[in-house]
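Trainee: The residues making up each chain are set out below.
Number of protein chains: 4
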Amino acid sequence: MNGTTIHLNGSGPTNGSIVNGSKQYHTDETATVTTQSPKGVNGVGASKVSANGVHASSKRCLWFEEELEEDLRWVFGVSKILHTGVSEFQDIELVESGPFGKVLILDGKLQSAEADEFVYHESIVHPAMLYHSDPKAVFIMGGGEGSTAREALRHESVKKVVMCDIDKEVVDFCREHLSANSEAFRNRRLELVIDDALAELERREDTFDIIVGDLADPVAGGPCYKLYTQSFYETILKPRLSPGGILVTQGGPAGILTHKEVYSSIFNTLRQVFKYVVPYAAHVPSYADSWGWVMASDHPFPTFSPEETDSRISKRIVGDLQFLDGQTMAAIFALNKHVRNSLAHETHVYTEETARFIHGHGTAQKSH
Amino acid sequence: MNGTTIHLNGSGPTNGSIVNGSKQYHTDETATVTTQSPKGVNGVGASKVSANGVHASSKRCLWFEEELEEDLRWVFGVSKILHTGVSEFQDIELVESGPFGKVLILDGKLQSAEADEFVYHESIVHPAMLYHSDPKAVFIMGGGEGSTAREALRHESVKKVVMCDIDKEVVDFCREHLSANSEAFRNRRLELVIDDALAELERREDTFDIIVGDLADPVAGGPCYKLYTQSFYETILKPRLSPGGILVTQGGPAGILTHKEVYSSIFNTLRQVFKYVVPYAAHVPSYADSWGWVMASDHPFPTFSPEETDSRISKRIVGDLQFLDGQTMAAIFALNKHVRNSLAHETHVYTEETARFIHGHGTAQKSH
Amino acid sequence: MNGTTIHLNGSGPTNGSIVNGSKQYHTDETATVTTQSPKGVNGVGASKVSANGVHASSKRCLWFEEELEEDLRWVFGVSKILHTGVSEFQDIELVESGPFGKVLILDGKLQSAEADEFVYHESIVHPAMLYHSDPKAVFIMGGGEGSTAREALRHESVKKVVMCDIDKEVVDFCREHLSANSEAFRNRRLELVIDDALAELERREDTFDIIVGDLADPVAGGPCYKLYTQSFYETILKPRLSPGGILVTQGGPAGILTHKEVYSSIFNTLRQVFKYVVPYAAHVPSYADSWGWVMASDHPFPTFSPEETDSRISKRIVGDLQFLDGQTMAAIFALNKHVRNSLAHETHVYTEETARFIHGHGTAQKSH
Amino acid sequence: MNGTTIHLNGSGPTNGSIVNGSKQYHTDETATVTTQSPKGVNGVGASKVSANGVHASSKRCLWFEEELEEDLRWVFGVSKILHTGVSEFQDIELVESGPFGKVLILDGKLQSAEADEFVYHESIVHPAMLYHSDPKAVFIMGGGEGSTAREALRHESVKKVVMCDIDKEVVDFCREHLSANSEAFRNRRLELVIDDALAELERREDTFDIIVGDLADPVAGGPCYKLYTQSFYETILKPRLSPGGILVTQGGPAGILTHKEVYSSIFNTLRQVFKYVVPYAAHVPSYADSWGWVMASDHPFPTFSPEETDSRISKRIVGDLQFLDGQTMAAIFALNKHVRNSLAHETHVYTEETARFIHGHGTAQKSH
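Those protein sequence lines, which keep their order, are chains F, W, G and L. Everything in the first sequence is counted per UniProt numbering, starting at 1 for the first residue and increasing by one. Everything in the second sequence is counted per UniProt numbering, starting at 1 for the first residue and increasing by one. Everything in the third sequence is counted per UniProt numbering, starting at 1 for the first residue and increasing by one. Everything in the fourth sequence is counted per UniProt numbering, starting at 1 for the first residue and increasing by one.
Quick caveat, the hints were computed from the structure, so don't treat them as lab data. Please note: incorrect hints may appear among the correct ones.
Which copy is meant is left open, because identical chains are indistinguishable; a pair holds if it fits in one copy or across any two.
Said to hold, decoys possible - Simulated pairs of lysine-lysine, DSS-like, Cα-Cα distance not exceeding 27 angstroms:
#1 Lys102 with Lys80
#2 Lys315 with Lys80
#3 Lys238 with Lys136
#4 Lys80 with Lys168
#5 Lys102 with Lys260
Computed from a prediction, not measured in an experiment: that's the story for all the values here.
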């Protein structure tokens, strides 16, 4: 005898049968495998939960923890790590979370959660596109996850969406693993560029009806903050807007307690550059905060009734929106008194010298 | 010599001086106390931080953790426990938190935070009172913290605010320790009743223009859920509303992911009892969620422009509001499409037999 | 053109080259892929850390948390989930931890850590085997991880090691993924049985010089506690010991504060059944506690000097031990006064009616 | 009527009675206070737990977290903050913990826990004193908590214990709040000096039979590391040892995974200065690790049997020890093979230039 003898002592038909070919059993093993059902456990192969009455809920033991502030943590249970990757810029993880379904994590920060990403992505894309009379060309700075492109591509008027993200690995990772966006990644109208959005905009000569800033928050040490400065907006971005074109950018946390971290400054910086600037915000549960966006244009924004907004949505957008409609859009544009006052009185302007940073990890995150 | 000799070896004027009278030094000690400045530490009695360069920031070591869901935790640093108490119903703690200032905790659940309690309390009180033509009498179910009464008392039309909380210790604790409410607790128009609100309403014969449900969420095992049932609203509460009277109640979490826990049911239950029912919601940062309220009346709610709301606020309310104004009120009444759809399709009605519960601690919380 | 255009705007040789064959790029894409090094980032393909100076250490975001007691948690960072599995009995995870290297987790409880598993496994195996005059046949109850078998197989006198674990998936998982044990799993002297150890011992007719109880702690609801009862030891296990045979079992936490949970009872139970019973303990860092074992026999244990122990080790055991030698063995057998007193005064005996349980997850864990 | 009316609607004898004089009720209030027992709650003033069946166990919400390593946390529930203080050097907290009873915390690091402080303090004091032929004079560097002095004062031979701690506030705090040490603090043989131990030893001209280093671990930025250097031991400490005198110092974590942080270096440094150096260690549960100490002398340590140790203990020490006896002392002196090997091969020597630091908070902790 020249190997481990493996008995799975079983009564019944499997008793004494020989199992081989299983990859972990080496050929020099005389694998006598028989199976014995443990007493009181009715059937091998039954799922773990049903096999023993006691295992109603196994104890959560893996937790994702995001440090929102130095002394504020957002912690949720993780039941499975689905995929992991590393890029030149950041760690990439897709995990199955308890409360938020699949969650994309970049460098330890929750980026997007299956359960509520529609709030963020409908909000960053549709208002600007609905306010535009006929958006044909869209440029997305960042957005490597693909969800922003997905929403833009739902507009029938759109001929071209250029998505420019610096991180090829994030883009590849999301293309492969985020099934909700796989159709968008294959869409013929999508042009995908792997580059620094600033360099790409500087290089291009075409213009866009809508430019979307789906970038990481300005974080100390990260290159992203350059894409929030007055000079960038004036000298690089604005020349790439078509007449009547609209810029919309994410603006970081916009809650009662957090809107002064960067949001009010981003708003105020845009106010220096554009004639018409519209801040808006919505609560995104998985971010544990309200989130802010800002639209800006040198063309006045039209005034719609909620009904007109609903009508534009049904005419222009393929499929149903989950979060936005006319009434919701009116609501997210109506910031509360407290935040509105702060924005009105903000004097800080983002320049390369005066950047203001959010609490974060000091890394170059390129997609929000 | 009959005691410990205490030397604080010091150079200079304190050398050899005798310190006594300090309460911890017993009289039988020959306390020869001299002080020696440690090398490199310039000055005794200097504050800890300035005394040694290294102590820039001491490590946070105490954390408050609230389990929002079984697998979702909201965790913040606590720098100081200010006051603690125990009542017949719950543990009471007032702590100094890092991100939210002073925080009131009842049975391990954050009730109210200095930094943003104005969002919750302005929202629960002012909309109903502003929609009412002339609110004179207000009844608060729960509200032991005092903040709801404080807001109601800001209305000049109000002659009487009855606040009925079951937990005397919470009321006493908040009266003593929450300085923001101390004036309200002394206000002559406040009538404070320590009792079960249900029993109190059943017993009373007067009626109210506004009844506010500032109660704990319906939690399994807690008595509070009885104050959310259809029969309570119909047979006990409604008879206590004056003609044109309005009920407003807190409704639990109303976020994209949480509004079906209890909020949609509370809304739907009220819809069975009242002709006009208005749900509204706002993000309360320290709750890590959007929060919901519902107004209900058999009298139609008037339609105001934001300007008219602002005008009523300035005419009726003493002092400035921080969160609410006409625009904010329009915004919080405009629920997003996702939540609005859920509410429209909710069929569950709270009865004593069909109560639906929020994730919680199974305890009798009486004040939110 | 019928697909996404992918530009990676690059200078140099890759400029304009076409990449295809990558599984995520579909054949209908005109993949014009060029790469542009982002400004300030010197070289594509460089590792993430070196590419941007700021990414010195990415923030830990995944944590493993074990609840040792209701109010005591042991929490460590996890950098990678290496493998996961589910068996009929438990969840199985192999993770890369920060402080302990690779860690095997069964149902949320840390079982074994690369960094210090040698402490536990040398301690459970070698003392009994060294005290025995000539151990030839070894039976391991549980031990599915394979480390206990590995240590037993290092004894040159051993002809046969029977390892009987109820959980085939755990055994297969460890055989495949724990490289330190792969040789042991292939060893011809190992006989592997998948069954309840109690049933297997009842069924067998051969006897053993050493029987090792490498089982899960007695946990409420788990079947394992039956393998700690007086009647099991007397009527099922003892008949399977050869003359001079020794039983050794793990005994749960044996720290100053935890030894009364189950350890003192296991010791006292064995004292009812065997003439000679020897408790011993050692601190296992990854368990955050001292751990206890008990040896028992009807044959007196010989008295060795540390030098004699060292001599036996070098004569009998292949390779070097990391933790145990003569001096260490003397030390772990010398329990401290506090624990020794508790053990001396323990009166509880494990029977099926009086089982005492450790704080745990209420699940059937079969391998420690 | 000029104040809040307070009704506690009650049936029975308290109904209608007037309560006044309570400090929070102002004299201008017509405090009509009546009490109504809530339905189903039998009796006001009953304890919280018994009053309502549901409150069996309130959810733990306050946690103490110590970061042992960057990715290893020791977390326990805190039920009460008993006392807090701030000194020139550190934050001071005494909390009631779930698993460890009262716990003293200095600058976020657990210093001493009621449940197991006897392990640390018996171990740091008694071995050296028992090995000495007749210890009369003891000098404690640090030890502000008072427990080390308490143990030393239990030796009947001792005429004088000088305890020299830099932090007067810690000493005062512990004197006032640690009842276990209050008798020691009042003991006439205790001489308490508030100073840097290094300066004090430099200044003194008397010598000691035993010098105890009950100092904080060497932490980057803290002044304590100077009390672990070769030159300190040689030029300042050694001259203060009487002939036959023994130094014993705490040596930081001594676990399988942690003994190389500072313990092996402290041992090796002492080996450069003293002829006879004895390392020993024991698991201290509340530290989540084994802890190390080192005895050093130029006089050889005698060899005792455990019985002789027991005999010395009973002759010399007042009262019973909880942890140490002859057998325990033999065990803690027998380090395991792994740690012993590391110590034997350690080459690092502490000097002011080559200090090695433990993971910590960068603050000046003076008492362990």
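Trainee: Does each hint hold? Answer for all of them.
Mentor: Hint by hint, here is what the structure shows:
{"no.": "1", "hint": "Lys102 with Lys80", "verdict": "both (9 angstroms within a copy, 17 angstroms between copies)"}
{"no.": "2", "hint": "Lys315 with Lys80", "verdict": "neither (41 angstroms within a copy, 47 angstroms between copies)"}
{"no.": "3", "hint": "Lys238 with Lys136", "verdict": "within (17 angstroms within a copy, 56 angstroms between copies)"}
{"no.": "4", "hint": "Lys80 with Lys168", "verdict": "both (24 angstroms within a copy, 22 angstroms between copies)"}
{"no.": "5", "hint": "Lys102 with Lys260", "verdict": "between (30 angstroms within a copy, 20 angstroms between copies)"}
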